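> Below, each chain spelled out in residue letters.
4 protein chains.
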Amino acid sequence: MMPTASTPAPAAPAHAAHPAHGPSPLARTEAFSDGVFAIVITLLILEIKVPDPHSIPAGQVAQELPHRLWELKAMFIAYVLSFFIVGTFWVAHHNVFKLIRRTDRMFMWLNLALLMCVAFIPFPTALIGEYVNQPIAIVVYGLTVTARSIMLVLLWNYATANHRLVDSELPEPLIKRVRGQMLLAPPIYLAAIALAYVNIWISFLLFAALQVHYMRPGQIDRHAKPVH
Amino acid sequence: MMPTASTPAPAAPAHAAHPAHGPSPLARTEAFSDGVFAIVITLLILEIKVPDPHSIPAGQVAQELPHRLWELKAMFIAYVLSFFIVGTFWVAHHNVFKLIRRTDRMFMWLNLALLMCVAFIPFPTALIGEYVNQPIAIVVYGLTVTARSIMLVLLWNYATANHRLVDSELPEPLIKRVRGQMLLAPPIYLAAIALAYVNIWISFLLFAALQVHYMRPGQIDRHAKPVH
Amino acid sequence: MMPTASTPAPAAPAHAAHPAHGPSPLARTEAFSDGVFAIVITLLILEIKVPDPHSIPAGQVAQELPHRLWELKAMFIAYVLSFFIVGTFWVAHHNVFKLIRRTDRMFMWLNLALLMCVAFIPFPTALIGEYVNQPIAIVVYGLTVTARSIMLVLLWNYATANHRLVDSELPEPLIKRVRGQMLLAPPIYLAAIALAYVNIWISFLLFAALQVHYMRPGQIDRHAKPVH
Amino acid sequence: MMPTASTPAPAAPAHAAHPAHGPSPLARTEAFSDGVFAIVITLLILEIKVPDPHSIPAGQVAQELPHRLWELKAMFIAYVLSFFIVGTFWVAHHNVFKLIRRTDRMFMWLNLALLMCVAFIPFPTALIGEYVNQPIAIVVYGLTVTARSIMLVLLWNYATANHRLVDSELPEPLIKRVRGQMLLAPPIYLAAIALAYVNIWISFLLFAALQVHYMRPGQIDRHAKPVH
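Chains as they are written, first to last, in the numbering used here: chain X, 1 to 228; chain F, 1 to 228; chain P, 1 to 228; chain H, 1 to 228.
Worth flagging that the hints you see were computed from the coordinates, not collected in a lab. These figures come from a predicted structure and were not determined experimentally. Where hints are given, some of them may not hold.
[Stated by the list, open to error] Cross-link-like lysine to aspartate or glutamate pairs, in silico, EDC-like; alpha carbons within 16 Å at most:
hint, chain 1, residue 1, chain 2, residue 2
1, H, K98, H, D167
2, H, K98, X, D104
3, H, K98, H, D52
4, H, K49, X, E130
5, F, K98, P, D104
[To be verified] Across the chosen pairs, the derived CB separations fall in these ranges:
hint, chain 1, residue 1, chain 2, residue 2, range
6, H, H54, P, A62, 28 to 34 Å
7, H, M106, X, V80, 47 to 53 Å
8, X, V212, P, A62, 29 to 35 Å
9, X, R179, P, A208, 53 to 59 Å
All residues carry an ideal CB built from backbone N, CA and C; glycine is no exception.
Please model the entire structure based on the sequences and the hints provided.
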């Protein structure tokens with residue numbers, strides 16, 4: 001609608017060949033990813049269903065309802081756990097994208113595959129909520145977050161190989177330390193999966209411990225400092 | 001985008017070599033939060049289910065359906081109430097972020113915890129809609145909004161302690177007045193929870209009254225004026 | 001982003017001391033509204049449920065399923081209708097915001113009330129889909145879009161009274177013509193509601209006719225031209 | 001954001017009186033579309049339901065649950081397929097919008113119709129998941145993606161006819177090659193639909209093959225290179 005917004009200025013020769021509008025492809029990929037994260041984190045609550053009124057005999061609602069809500073406690077714990085795990089994934093995604101300078105088709109598909117793992121999380125969350133005592137629920141949950149962690153490593157490896165999509169000055173030791181942080185997750189998740197057959201609460205503890213580790217200020221941030 | 005938003009120390013000339021793309025971490029946190037608010041406020045309607053056609057005997061739909069819809073009236077009231085409460089939370093979040101100039105890892109987690117409370121609201125909304133006469137429904141609803149209000153206070157305290165994340169010129173009396181407005185909510189919500197066991201309509205009235213108070217133009221805005 | 005968008009008065013040197021980050025409050029309100037529109041328009045599909053496999057006798061699925069899908073045709077029509085109605089609402093919201101230059105607390109609440117009507121649309125859409133022959137379904141649908149149309153008029157009246165939130169040079173005749181276009185909808189919607197008790201297809205025809213009228217290029221756009 | 005995008009041409013003095021706020025209509029249409037894509041891709045998981053605990057006899061959950069999850073395998077395949085198809089649609093939409101320079105009302109409606117097809121995808125995805133052996137499920141799925149592909153061709157034809165909404169220097173051969181890539185999809189989708197009545201796995205293979213073709217780096221990108 002604005003003349004200048006659509007027609008390239010005549011006095012901008014280099015620019016004339018690139019009459020781009022709006023944000024860069026990288027910024028749009030980032031915004032798209034942010035959208036997926038925001039939606040996933042907000043959808044989690046939809047997996048917790050209000051107790052069906054028809055399942056409670058009339059006249060006993062006042063006594064029954066509090067117990068019914070209390071029975072949902074595994075759901076609530078799964079909700080809080082998943083909320084913070086998705087939140088951590090978002091922060092990690094963020095920190096990686098802060099170091100990325102370019103994008104290409106392959107990077108977009110790797111990012112999409114990562115987002116697919118993130119978008120899958122509401123399913124195992126609901127599964128844990130419904131079947132908190134079943135190791136298989138932990139297995140599905142653990143495999144989902146493991147898959148996402150492996151995708152993050154692949155994304156990082158692809159982007160940093162020969163400094164493909166990052167700054168040419170990004171120091172190699174930093175690249176390695178970031179990868180090291182990322183590689184921590186899969187073995188711990190896999191251990192949590194295996195230990196679910198011993199005691200599911202040990203699994204939960206492992207998930208939570210890794211969570212706390214990643215949430216401590218200054219992990220990737222501190223490493224990222226030099227380039228910021 | 002502005003130097004003050006991304007550089008913590010004034011003596012950070014390395015920043016010039018920082019080919020950042022896209023918005024600042026603070027702007028992205030804000031956009032992410034806005035996304036969560038927009039999704040929560042729009043998901044609320046999903047909790048209201050259309051009456052099941054199979055539950056109405058054939059041939060009686062024309063007479064039955066209006067009654068069935070009328071029975072949903074508690075749902076509709078809960079919907080409108082929650083819509084405006086989430087709207088108010090969004091405005092409050094907004095007003096706080098207008099005064100924030102920097103971000104750090106701790107701030108992001110506090111903000112995420114606040115968003116978790118907001119994202120939880122569809123559950124107690126559905127609960128009130130299904131069990132409007134049950135005090136326990138009000139209790140769950142009240143605890144959710146209380147938790148969110150306490151998170152907002154914690155967020156504000158963290159950001160303003162020693163002017164950690166706000167302008168160094170932000171006047172102390174303003175910081176205190178904003179906190180004062182925030183501290184108003186928890187006791188009123190808790191009173192509404194307690195009074196639910198006397199009469200749930202008194203509770204609703206308290207929620208609505210606080211709502212109107214916060215919606216009046218010029219509460220936090222007016223206080224915020226000096227820095228705008 | 002431009003000074004004129006955030007400072008009402010030209011003589012506001014205090015603005016220099018305003019280290020604002022990110023977009024202006026108006027831009028954020030607009031982005032928030034866009035988010036709500038995008039979510040509503042995408043949620044509509046969730047109201048169409050896949051036929052329950054358990055409701056079809058084993059061995060008859062191949063013959064039964066096509067019929068079951070065909071029975072959903074009212075749902076599909078309601079889906080398409082609502083998709084374009086929400087789309088039109090988005091365009092109209094857009095066109096109004098293009099003329100808005102400032103925002104205030106009251107404007108935000110009016111906008112929120114308008115968004116509440118928009119966010120409500122999935123419910124009557126599902127209702128029409130399930131009870132296509134019931135005039136009451138048309139009534140609920142019609143009242144929802146009428147409420148949204150009235151909110152749009154209120155929003156416009158509030159913003160343009162004494163050129164409160166629009167350009168001082170915005171010509172009065174243009175303001176009136178835009179309002180005229182907006183005032184067209186409520187009586188037509190109300191007529192569609194009344195006629196639902198005669199024949200619901202006349203109602204649909206009226207909704208669709210208004211739709212086509214608003215979708216024609218150059219309605220509000222053409223009027224808006226002078227200021228662009 | 002780039003100077004040329006926001007600063008009025010010197011030969012457009014009337015423009016100076018236009019204190020526009022926020023992004024251009026084209027950027028907002030793009031952001032709105034991105035929102036719809038992000039929501040659709042994230043909603044897909046909601047179609048996969050956790051096995052109902054009440055449907056499993058108490059005491060048999062440990063043995064039963066893994067089988068129940070295994071029975072969902074068609075759902076998971078449909079999920080992955082749809083995730084990547086929607087992802088590809090997003091990338092294609094993106095690549096088209098990179099070449100668009102202006103927008104008008106007709107373009108917005110065509111884009112909205114395209115988004116409607118995209119937003120519809122969760123329904124046939126759930127259908128395939130529930131009725132993986134039924135050709136009719138493939139038919140509905142295939143028709144949805146065919147409709148979206150035809151809308152993309154219409155959008156492109158409309159935008160490029162007489163260089164209506166694209167750069168006047170955009171070379172005609174490029175326009176044709178992009179259209180050629182787009183025209184590839186409908187016949188293949190229609191073949192997949194027809195072959196569903198022979199063997200549904202041939203259909204899946206065709207969908208996947210087209211998917212891989214479009215996902216290879218350098219399809220539309222390479223064509224688009226000259227203008228970037």
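> Could you tell me whether the CB distance from H/M106 to X/V80 stays inside 47 to 53 Å?
48 Å, holds
> Given the hint that H/K49 pairs with X/E130, test it: the Cα-Cα distance must not exceed 16 Å.
11 Å, holds
> If you check the beta carbons of X/R179 and P/A208, does the distance land in 53 to 59 Å?
57 Å, holds
> Between X/V212 and P/A62, does the C-beta distance stay in 29 to 35 Å?
The hinted range 29 to 35 Å is violated for X/V212 and P/A62, with Cβ atoms some 54 Å apart.
> For a C-alpha distance cap of 16 Å, please report whether H/K98 and X/D104 respect it.
Holds, at about 15 Å.
> Regarding H/H54 and P/A62, is the given constraint of 28 to 34 Å on their beta-carbon distance met?
29 Å, holds
> Against the 16 Å threshold, does the CA-CA distance of H/K98 and H/D167 hold or violate the hint?
11 Å, holds
> Under the criterion that the straight-line Cα-Cα distance not exceed 16 Å, is the pair H/K98, H/D52 satisfied?
46 Å, violated
> Are the Cα atoms of F/K98 and P/D104 separated by 16 Å or less?
Holds: F/K98 and P/D104 sit about 15 Å apart, inside 16 Å.
In this structure, the earlier hints numbered 3, 8 are contradicted, and the remaining ones agree with it.
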